[in-house]
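Participant: Here are the chains, one letter per residue:
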Amino acid sequence: MTLSDVTMGELHELAGRYPHARSALLPMLHLIQSAEGHVTNDGIEVCADILGITAAEVSGVATFYTMYKRRPMGEHHVGVCTNTLCAVMGGDLIFERLKSHLDVGNDETTDDGRVTLEHIECNAACDFAPVMTVNWEFFDQQTPESAIEVVDRLRAGEPVQATRGATITSWREAERVIAGFEDGRVDEGPTAAGASLAGFEIARERGWTAPSLDAEGSTAGVADTKQEAEEQADTTRAGTETLIEESPADTAEEGNDD
Amino acid sequence: MTDLLTPVLTADWGTDRAWTLEEYRRTGGYRALEKALAMAPADVVELVKESGLRGRGGAGFPTGMKWGFIPQDNPKPKYLVVNADESEPGTCKDIPFMMATPHTLIEGVIIAAHAINAKQAFIYVRGEVLHVIRRLRAACREAYEAGYLGQDILGSGVGIDLVIHAGAGAYICGEETALLDSLEGRRGQPRLRPPFPAVEGLYASPTVINNVESIASVPAIVRGGHEWFASMGTEKSKGFVIYSLSGHVRRPGQYEAPLGITLRQLIDLGGGMREGSELKFWTPGGSSTPLLTAEHLDMPLDYESVGAAGSMLGTRALQIFDQTTSVVRCVLRWTEFYKHESCGKCTPCREGTWWLVQTLQRLDEGQGREGDIDLLVDLCENILGRSFCALGDGATSPITSAIQHFRDEFEAGLHTPSSELFPPAASMLFRQEEVTA
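Protein sequences, first through last, are from chains P and E. Our numbering applies: residue 1 is where the first sequence begins, and numbers increase by one. Our numbering applies: residue 1 is where the second sequence begins, and numbers increase by one.
The shape of chain P in the complex, shown without the other chains:
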């Protein structure tokens, strides 16, 4: 067993945060990655042991989610969004340029072990397209040149600052925060910046605000019944939810908790 006593203690701590310990499996796997550099076989065995489930069950979870890596990672994870909007705005070209600059393919690590490059799906920063991430921090409005500069600095061990976030640490340190432990960097970076503030700034310039809290309004169109709500909601899921409310199957079946 390669895991330290400290890590073992933290894995148990994570398991204790939930009403049912198995809920901690995702955070525990993040912590394994932080401690080991990837999801190791030992790590899988340890998680299974702590949670009282099989290694196969843990492995099944570890292979389902894209953030878990079963092979050793580089010091830094660099993600380039190639989902549609970012791709069209230039993400495809950025990814191609980075691949040739770093001489790696998708999900591969540079020879010096510094950078693992991966194309990623939409990371919820479309107004900053094209978007790149380093260790899951945002690098907004990238160009091929700016992206290459970032990876060159990472490989040279120079300090790199996220556009909206903290100073870049390492992928393993990031995984520790994601697992559930603070790193003291919360106060770095802005409240919001750039595109996030587009509407806010226009409203401020024009003096636009929400109505004052004592304004009067009408509630005439508010759904009073489930049928009205169903008609208003725009998914069939909401519709079936209404139907089930009225069906005998709705009487809660107790005791079939697994």
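Bear in mind the hints are in silico, worked out from the structure with no lab data behind them. Only a predicted model underlies this, so the values are computations on that prediction, with no experimental measurement involved. Every residue, glycine too, gets a C-beta built ideally from N, C-alpha and C. Any given hint could turn out to be false.
Unchecked claim - Rough simulated footprint, nothing fancy, chain E against chain P, three-plus residues with beta-carbon under 8 Å:
1) 26-33
2) 79-85
3) 134-147
4) 156-166
5) 195-202
Once you have looked at the hints, place chain E on chain P.
Facilitator: What follows is chain E alone, placed relative to chain P:
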């Protein structure tokens, strides 16, 4: 008549250190909680029902009614789960929100948990947003230290615990029942309904799952009252929402406005389309909502109007593409995304998205075969409505809507690559000399 933009959720985004408890309290933070704790839980549910607040995560189901579905006579614990797994392509509102003002969300969580008598709440945030996770964890810690979370909150006798739970990269976990399986430490795969989460959700117990923006709207409703909230928006779509503008516009970004603003108004606010650009197609609520075109520029962006146009308001993820963009290329890329993110549980989605990609790749490369367009439509008909969750349905939306609006571009895919018809360099946002350098 309200102003065109009405910052409520985004009102403090320009404030330095707005993520701290100190700053949040300075602008009235946690006052709504004090008010809500003095109310009976059922009265809080009633207030939110009367406000007309509808789910901001896509479906638009009335939030208060969802809370009312929780069977209070069920002896099992009740749970509140916030869906912060923002991953729908184009959607980018909850992430900046939680980065800027995480305490607003936490205050909403405590009020909502009180309303449904939940003693335990979770915020399930996607894992790929490190700094947002930092801000949430710190805000949660501060809320405990200040006595807003834990036992006997503010001396009210109410006790609520909150766990910030980070996911691990899976779009499907934004689907509420897959999210629950994931939160139980399993592969994120959707569940068959019934039973619905309100009856058997997390740990087979009554569970409310709400989107970040829905919960974050609650403190303002408690403070301002339902009439104040309903003074914004349209008759059936009440209140304010965040619209997320991205793509070929001069000023992409977050715009908070009453429901019912139009795309033309939003684009004009930011100075129009980018230089020399004309709107070709757009998504009203992410890639799973059928594409619309310039003919829909003046349609009110509320639940009813977008639904009547054959699409869905979804998450107000307005992805704007201009005349330089190949719709075939876009649809292929979205379809590759759905294929990658299909959890594999249901055959029509797992296999169907694979076949859709094969067919679209041919068309994108100009090597489509006679009958490929009909094949796509046929595949979509066989996926739509035949799986446990809406991922498969969503995968068909861009395809069927794109064929409806731009069939000739798909027909061109029988002989000409999309990159010849629409050179990708023309669509990029950085300067041309950088592209060709």
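Participant: Against each hint, give a clear statement of whether it holds in the structure.
Facilitator: Verification of the hints:
1. 26-33: holds (count 4)
2. 79-85: Three-residue rule met by the region 79-85 of chain P, so holds; n is 5.
3. 134-147: holds (count 8)
4. 156-166: Holds: 4 residues of the region 156-166 of chain P have a Cβ under 8 Å from chain E.
5. 195-202: It holds: at least three residues are needed, and the region 195-202 of chain P offers 8 whose Cβ sits within less than 8 Å of chain E.
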